[in-house]
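S.K.: Fit chain E to the given chain R structure using the hints.
Protein chains: 2
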Amino acid sequence: MNEPQRTCAILAIGDELILGQKTDTNSAWIADRMTQRSARVVEHVTVDDDERAIAGAMRRLAGGADVIVCTGGLGPTADDLTRRSLAQAMGDALVEDEGSVEQIRSWFAGRGREMPEANRVQALRPSRGRSLPNPNGTAPGLAGRIEVDGRGCEVFCLPGPPREMRPMFETQVEPVLAFEGGRVVRTRMLHTFGLGESEVARRLGELMARDRDPLVGTTATRGVVTCRVRSQASPSEAEAFRGLDESERLICERLGDVVFARDGNAEAPLESVVLGLLRGRGERVVVAESCTGGLLGEMLTRLAGSSDVFLGGWLTYCNEMKRVQLGVPEDLLSEFGAVSKPVALAMAHGALRAAQTAGGADHALAITGVAGPGGGSEGKPVGSVWIARASGDGTDDARLFRFGGGRSAVRQWSAVTALGMLRLRLDGVRTPLLGQIEPAQDD
Amino acid sequence: MNEPQRTCAILAIGDELILGQKTDTNSAWIADRMTQRSARVVEHVTVDDDERAIAGAMRRLAGGADVIVCTGGLGPTADDLTRRSLAQAMGDALVEDEGSVEQIRSWFAGRGREMPEANRVQALRPSRGRSLPNPNGTAPGLAGRIEVDGRGCEVFCLPGPPREMRPMFETQVEPVLAFEGGRVVRTRMLHTFGLGESEVARRLGELMARDRDPLVGTTATRGVVTCRVRSQASPSEAEAFRGLDESERLICERLGDVVFARDGNAEAPLESVVLGLLRGRGERVVVAESCTGGLLGEMLTRLAGSSDVFLGGWLTYCNEMKRVQLGVPEDLLSEFGAVSKPVALAMAHGALRAAQTAGGADHALAITGVAGPGGGSEGKPVGSVWIARASGDGTDDARLFRFGGGRSAVRQWSAVTALGMLRLRLDGVRTPLLGQIEPAQDD
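Going line by line, the protein sequences match chains R and E. Here the working numbering is used: the first residue of the first sequence is 1, the next is one more, and so on. Here the working numbering is used: the first residue of the second sequence is 1, the next is one more, and so on.
Bound conformation, chain R alone (with noise of 0.2 Å):
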């Protein structure tokens, strides 16, 4: 019962990744896989085509971590160490493994031609290790073990491309990651919109303390707070999610209307939950930017299959177009200007409008704001946006903002911010959102 977890270490091996030419997108994908499979993830090492670099990141990894997933330096040129690398941490000597020459040629072959002799290289393996057979490209993966202070680690070396380390990653290292009767590991995110991270913490409060378990711990990513719940000390998976569960529950007390999805969509949580719900509904939605400029659209149509429930929209950055294509009356621009509550509902009324000629929408989002750098003033600083929705059952709501952060961080949360309206309606609830300053917040 008692059993620890296993613990791994990712090891991401080449010049372009320390350079920064290329960003490492497998150490976090293979620490996903590992969280999932109840392995607890130590540390995301990066090094270069350096053989002593790298047997000597695989020995002083080796000596905290259970298991080592190396991933790159596995070709066939001579900045591919990893095979030389990873016997020297061993302290073994390559041969050439029969099976994988085979492996190589059968592989040309099969795209008719001949290995060249260049290949051959990759064959090569500790002789107290294996080779790992990769379906999908030239270079076999490699396993080993290195002993550091008579304690065990096992290595295993996987090539840099995705789609050839993937799966043999999900058929070779999985299984060695799991350990019956070991502790469960299970992790939960409730995603939230509308307040800021130290809002949510202060909200959550002893909930995030580091010793608690489940653990909570929360991340801001674009105007998305997600609440990370990770159960580690559970005997069983109907354990773990109990404590989820409870977790869950205390967390949704505190926060309330501000959660708006659990797990799903990771990397664009609202933009999926408020596709999913337009979609269920069978509610399709149109938009007209200003200031944004087409940023909103794009979010919308961000996730496969938003063809559904997103009709289209109208790009008015300048005025003569907020009249013409969208028949915002002349005098409200120029009595209240393009950046006011009148104007933002008379946007979003006219793309309510202006839709019905091409099937009809059933919400319409807009945006008018004062991006930056110039353009402010002492009543309309930059960074002060109003977002209005308007609706088919006759209901509409406009709110201004005040967000910070220079052009491109004030475009991007007047986008975000009008999702978050746009959920609220689709949700049923109403609460004042993060930057909001009119209609004033009442707590």
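Heads up, some of the hints might be wrong.
Each pair may be met inside one copy or between any two copies, as identical chains are not told apart.
Said to hold, decoys possible - Derived pair list, reagent style SDA-like, types lysine to any residue, alpha-carbon separation capped at 25 Å: (1) Lys-22 with Pro-76; (2) Lys-341 with Glu-378; (3) Lys-22 with Arg-222; (4) Lys-22 with Met-189; (5) Lys-341 with Arg-111; (6) Lys-22 with Gly-56; (7) Lys-22 with Leu-195; (8) Lys-341 with Ser-307.
Treat the hints as calculated values from the structure; they're not laboratory data.
M.R.: Using the frame of chain R, we list chain E on its own:
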């Protein structure tokens, strides 16, 4: 001349990174900037929000690097432990930094809010360290010095959000990296659009030799391949510039019409050049977007001052919007499909026509394609995109592209390629662009 390079290490901090819930893009960005500054990056490491792990990694890396840059863990919540970890690694205690309290307070005041008490913890710094101002967020950075075996290492801790971290790195870390030792280092960038990075490298040939001075390297960012030329062995500025001029001449000779700008805005060179060319001619542009959903408009408005030249546009995601808003004839849609040359051209001409009521535009760009992952067919596989330009002088241009890399990449390439097509028109050059399959390329 032989002064050693600065050696650098990068430490990313965060549970969400170690668990693989989020991909670390900061480390690659920092590594790239360090490399451009002639520093040698030796290792990237990621650890979780754990004081012992963070402090341990800092001390270990300090043993082998002159500079460590850390990101993350500076937020206001209980799981933000970078401040305490740095103090521990320095053998120091935390004190409150008066200036930082004021900065955080005024950051909130600028948004019409009071500083939550929770944010006060962000003003802590090691007593022998410094706070680094953060103009774009509440978290100040930290700078300190770790001594290991009598050897000092400068440590910088920056916040995790890229839009806060990047400007702080540029203004507060980069100056520490340069080791010029009497040599004059001058750099130049030449931006190209239309060729892949490997083709640029092939044409540059021996100009990219690693021992050449000036040194020529390439980086690719969202379709723009930038040649970075770096003169670093000249005794005088005049001589450095002579070397840069000569390299520029050779590069332009080999790359031809795809070079569109020198130096200028490194973050958005193509957007900035297109806006500048339009502004110089007093011309205006509108957009008609289908599969990109607003991304092209968003790119055109990313830089300040775009209202001089960008009128607005139409997001015609569904066919009805194409028909009603842009007047694309029904029979073109049914005969050729939405992703076709006639429809792309009809969208561009329709946008130009519709803009007349709003003051008139000189150019229209239209994009219609299959971004995927669904929606592909044998004749029009995922990644097929028609991009059209129509101009007020009666000229037009329509090209079919095949882009790879998934939905997001297809959309990015589509929008940036539309900008690239407009740039060709404004510069009066004609050349095939990367990914173009129709009209077929002659060369």
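S.K.: Each hint: holds or not?
M.R.: Hint check:
Taking CA atoms no more than 25 Å apart as the test, Lys-22 paired with Pro-76 passes inside one copy only; the shortest distance there is 20 Å, against 31 Å between copies. For the identical chains of this complex, Lys-341 and Glu-378 are intra-copy neighbours only, at 17 Å inside a copy versus 49 Å across copies, given an alpha-carbon limit of 25 Å. For the homomeric pair Lys-22 and Arg-222, the shortest alpha-carbon distances inside one copy (21 Å) and between copies (13 Å) are both at most 25 Å. For the identical chains of this complex, Lys-22 and Met-189 are inter-copy neighbours only, at 12 Å across copies versus 28 Å inside a copy, given an alpha-carbon limit of 25 Å.
Taking the closest pair of Cα atoms, Lys-341 and Arg-111 come within 25 Å of each other only across two copies (19 Å); inside a single copy the shortest separation is 49 Å, beyond that limit. Proximity of Lys-22 and Gly-56 under a CA criterion of 25 Å is satisfied intra-copy only: 23 Å inside one chain copy versus 27 Å between copies. In this assembly of identical chains, the alpha carbons of Lys-22 and Leu-195 lie at most 25 Å apart only when taken from different copies (19 Å versus 31 Å within one copy). For a Cα distance limit of 25 Å, the shortest separation of Lys-341 from Ser-307 across copies, 21 Å, qualifies, whereas the shortest one inside one copy, 30 Å, does not.
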